[in-house]
Amino acid sequence: MRSMLTEYEDGFRTRYIGVFRGNSQLLVVVRINQDGTMVYNYMHGSDKRLNQLRVGQLIYTREEGKR
Numbered sequence: 518m519r520s521m522l523t524e525y526e527d528g529f530r531t532r533y534i535g536v537f538r539g540n541s542q543l544l545v546v547v548r549i550n551q552d553g554t555m556v557y558n559y560m561h562g563s564d565k566r567l568n569q570l571r572v573g574q575l576i577y578t579r580e581e582g583k584r
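Numbers given in my numbering equal positions in the sequence shown, counted from 1, plus 517.
Derived by calculation from the structure, the hints in this document are not laboratory data. Possibly wrong hints are sitting among the right ones.
[Unchecked claim] Subject to a maximum C-alpha distance of 25 Å in a straight line, what follows is the list of computed SDA-like cross-link-like pairs (lysine to any residue):
no. : residue 1 : residue 2
1   : K565      : L543
2   : K565      : S541
3   : K565      : M518
4   : K565      : V547
5   : K565      : G535
6   : K565      : N540
7   : K565      : L522
8   : K565      : R538
9   : K565      : Q551
10  : K565      : T578
11  : K565      : D527
12  : K565      : R519
13  : K565      : R548
14  : K565      : F537
15  : K565      : V545
16  : K565      : T523
17  : K565      : R579
[Stated by the list, open to error] Pairwise CB distance ranges (calculated):
no. : residue 1 : residue 2 : range
18  : Y557      : E526      : 19 to 27 Å
19  : E526      : N558      : 17 to 25 Å
20  : N540      : Q574      : 27 to 35 Å
21  : V556      : Y577      : 14 to 22 Å
22  : G539      : R571      : 16 to 24 Å
23  : D527      : S563      : 27 to 35 Å
24  : R530      : R579      : 17 to 25 Å
25  : N540      : I576      : 24 to 32 Å
26  : Y525      : M560      : 17 to 25 Å
27  : S563      : G528      : 25 to 33 Å
28  : F529      : T578      : 15 to 23 Å
29  : R571      : G528      : 17 to 25 Å
30  : R519      : S563      : 25 to 33 Å
31  : D527      : D564      : 27 to 35 Å
Note that beta-carbon positions come from the ideal geometry of N, C-alpha and C, so glycine has one too.
I would like the entire structure built from these sequences, with the hints used as guidance.
Below, the structure written as structure tokens:
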């Protein structure tokens, strides 16, 4: 799990990103908007393609396998 501070046209927002492994890679992104609402998106793809979606300044990361 990673927390990223990402710049948008109207300011900065926090995004939480998690990659899950299985038969195919699954990326889940949760974005907290300035008004407190949340938007989530998930997609399947290869490691290379999904890594391109990690944009912003890293705030927090958790090592794989640790909770």
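Results of checking the hints against the structure:
1. Restraint check: the Cα-Cα separation between K565 and L543 comes to about 12 Å, which is no more than 25 Å; the hinted pair holds.
2. With a C-alpha separation of about 13 Å, the suggested pairing of K565 with S541 holds against the 25 Å cut-off.
3. Taken as a hint, the K565 and M518 pair is honoured in the structure, with Cα atoms around 17 Å apart against an allowance of 25 Å.
4. Distance check on the hinted pair: K565 and V547 sit about 20 Å apart at the alpha-carbon level, within 25 Å; holds.
5. Under the criterion of a C-alpha separation no larger than 25 Å, the hint pairing K565 with G535 is consistent with the structure, at around 15 Å.
6. As the CA atoms of K565 and N540 are separated by approximately 16 Å, the hinted pair is consistent with the 25 Å bound.
7. Restraint check for K565 and L522: the C-alpha separation of about 21 Å stays at or below 25 Å, so the hint holds.
8. Between K565 and R538 the alpha-carbon distance is near 14 Å, which keeps this suggested pair within the 25 Å criterion.
9. The suggested pairing of K565 with Q551 is violated, with an alpha-carbon distance near 30 Å, which exceeds 25 Å.
10. Between the alpha carbons of K565 and T578 the distance comes to roughly 19 Å, so the proposed pair stays at or under 25 Å and holds.
11. With a C-alpha separation of about 29 Å, the suggested pairing of K565 with D527 is violated against the 25 Å cut-off.
12. For the proposed pair K565 and R519, the alpha carbon gap of about 17 Å is at most 25 Å, so the pair holds.
13. Of the supplied pair hints, the one linking K565 and R548 holds, its CA atoms being roughly 21 Å apart against a limit of 25 Å.
14. The hinted pair formed by K565 and F537 meets the criterion: a straight-line CA distance of about 14 Å does not exceed 25 Å.
15. For the hint linking K565 to V545, the alpha-carbon distance of about 15 Å falls within 25 Å, and the restraint holds.
16. For the suggested pair K565 and T523, the alpha carbons sit about 20 Å apart, so the restraint of at most 25 Å is met.
17. Distance check on the hinted pair: K565 and R579 sit about 20 Å apart at the alpha-carbon level, within 25 Å; holds.
18. The beta-carbon spacing between Y557 and E526, approximately 20 Å, falls within the hinted interval of 19 to 27 Å.
19. Distance hint check for E526 and N558: the Cβ-Cβ separation is about 18 Å, which falls inside the suggested range of 17 to 25 Å.
20. For the pair N540 and Q574, the supplied restraint of 27 to 35 Å holds, since their beta-carbon distance comes to about 32 Å.
21. Between V556 and Y577 the Cβ separation comes to about 19 Å, which falls inside the hinted range of 14 to 22 Å.
22. With their beta carbons about 19 Å apart, G539 and R571 fall inside the hinted range of 16 to 24 Å.
23. As the Cβ distance of D527 to S563 is approximately 31 Å, the hint placing it in 27 to 35 Å holds.
24. For R530 and R579, the Cβ-Cβ distance of about 20 Å falls inside the hinted range of 17 to 25 Å, so the restraint holds.
25. A beta carbon spacing of about 31 Å between N540 and I576 agrees with the range 24 to 32 Å that was offered as a hint.
26. The hinted window of 17 to 25 Å between Y525 and M560 holds, with their beta carbons roughly 19 Å apart.
27. S563 and G528 have their C-beta atoms about 32 Å apart, which keeps the hinted 25 to 33 Å range intact.
28. The hint said 15 to 23 Å for the Cβ distance between F529 and T578, and at roughly 18 Å that hint holds.
29. Between R571 and G528 the CB atoms are about 20 Å apart, so this pair conforms to the stated range of 17 to 25 Å.
30. At about 18 Å, the CB distance of R519 to S563 disagrees with the hint of 25 to 33 Å.
31. In this structure the hint that D527 and D564 lie 27 to 35 Å apart at CB holds, the actual value being about 31 Å.
Going down the numbered hints, you'll see the structure goes against 9, 11, 30, while the others check out.
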